[in-house]
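*Asks:* Each chain is listed here by its residues.
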Amino acid sequence: MLTKEQIAQRIAQELQDGYYVNLGIGIPTLVANYVPAGINVTLQSENGLLGMGPFPTESEIDADLINAGKQTVTTLSGSVFFDSATSFAMIRSGRVDLTVLGAMEVNDKGDIANWKIPGKMVKGMGGAMDLVASAQNIIVAMQHTNRSGASKLLSKLTLPVTGLGCVKKIVTNLCVIDVTPRGFELKELAPGISIDDVHNATEGNLLAEGEIPEIQF
Amino acid sequence: MNKVVKNADDAIQGIRDGMTIMLGGFGLCGIPENSISSIVKAGIKDLTCISNNAGVDDFGIGLMLQSKLVRKMISSYVGENAEFERQLLSGELEVELLPQGTLAERCRAAGAGIPAFYTPAGFGTEIAEGKETREFGEKQFIMEKAFESDFAIVKAWKGDTDGNLIYKATARNFNPMMAMAGKITIAEVEELVEPGELDPNFIHTPSIFVNRIFQGTDYEKRIEQRTIRQN
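Residue numbers (our numbering), protein chains in the order written: chain A, 1 to 217; chain B, 1 to 231.
Read the hints as simulated data drawn from the structure, not as lab findings.
Please read all numbers here as calculations on a predicted model, not as lab measurements.
Just so you know, not all the hints are guaranteed correct.
[Unchecked claim] In silico BS3-like pairs for lysine-lysine, Cα to Cα no more than 25 Å straight-line:
1) 6(B) x 123(A)
2) 45(B) x 123(A)
3) 169(A) x 156(A)
4) 187(A) x 109(A)
5) 72(B) x 123(A)
6) 169(A) x 139(B)
7) 221(B) x 123(A)
8) 109(A) x 68(B)
9) 183(B) x 120(A)
10) 123(A) x 4(A)
11) 6(B) x 183(B)
12) 116(A) x 131(B)
13) 168(A) x 116(A)
So that you can see chain A by itself, here it is in the shape it has in the complex (with noise of 0.2 Å):
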């Protein structure tokens, strides 16, 4: 099983040099710490700030330089701030390349819901349904199950939904998958995990063909 810092770390593979990228809160955040050497992303950060830099040492903490996730960041060279519009339009016309973010549910044909639990938590989808509507490239981050052990990789979500068909690939702490029109395709295992267990984690329609490989870092 993969933890939260090695999803990150397998997420981090893909990056391209050159990307600009949005990374949600949660494990998504933790990418940011695997960038592989050579590639150079920038990061945006929906609240208004593209070029986003480490967090802060003490000495450096700004009250008015955060992120999205509202935590104290710093800047870079060649950073820039903008409005919140601004920062939409970015993502809105697809200019974001990559866009990781954490998910409660994640259905077979790639729709994704992660912002409400109806009755027990509202807390609202913040930019997630305007990065899902637009983003070239979503890679979702997550558990491959619930605390309560049910699958979270669905034939029919059961949550409010947040998007459509968008998602095109999950990494979670038992495997990496692309979501096809097919459906799942099952496509590197983590350590120490058979096929068997991701299609007894899965609950929607899971495809696992030919070798399939085991993770690298």
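Chain B: place on chain A using the hints.
*Replies:* For chain B alone, coordinates are given in the frame of chain A:
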């Protein structure tokens, strides 16, 4: 015309029970702290508030919620506020959640004389219920309308007495669009200067959009997630 008012108490004159107001800020970053305090002090109630977030329990719009001044919130993300959740689940408070980009664009449209626009965000979700949809180039969009608000209250870093504004870092966020969108726009600034002191090349909000301006005091600028790296 003199746009300068003495303080927040004077700036919020004319905001009445039942009105719709926009409040700039993202989380607690770039929020009009002084004006919020004055609204709480004045006890103006039954407000509809358009703001990306609803503050935290004891700061920002959370202070207005504590005093039960808000009838409806229009926001994109309202986590981090237990009192908000309590009022929402008990039915005391109405909430309309919108995609963040849609919220921003509905402000922008209001300030740009555009009555409505199409966006792909939220198509196929419950956000689209009751809204007109239309296909452009084989992609589906939903129609969203410009907001209407009686007042917009924004926070800037520097402003001049004519009403030109400059924001700092990510405290800019929703403030520039909201500044354009209010029937009456109130700007509170950390530093109020004379016309000519701000470089015209670097002004974010042109004075024409601002009706009242004052220099705020005692900014707390509370940090929600204080994250640091060890050297």
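*Asks:* Against each hint, give a clear statement of whether it holds in the structure.
*Replies:* Checked hints:
no., hint, result
1, 6(B) x 123(A), "37 Å, violated"
2, 45(B) x 123(A), "24 Å, holds"
3, 169(A) x 156(A), "17 Å, holds"
4, 187(A) x 109(A), "17 Å, holds"
5, 72(B) x 123(A), "15 Å, holds"
6, 169(A) x 139(B), "21 Å, holds"
7, 221(B) x 123(A), "23 Å, holds"
8, 109(A) x 68(B), "43 Å, violated"
9, 183(B) x 120(A), "37 Å, violated"
10, 123(A) x 4(A), "23 Å, holds"
11, 6(B) x 183(B), "21 Å, holds"
12, 116(A) x 131(B), "20 Å, holds"
13, 168(A) x 116(A), "22 Å, holds"
In terms of the numbered hints stated before, the structure departs from hints 1, 8 and 9, listed from lowest to highest.
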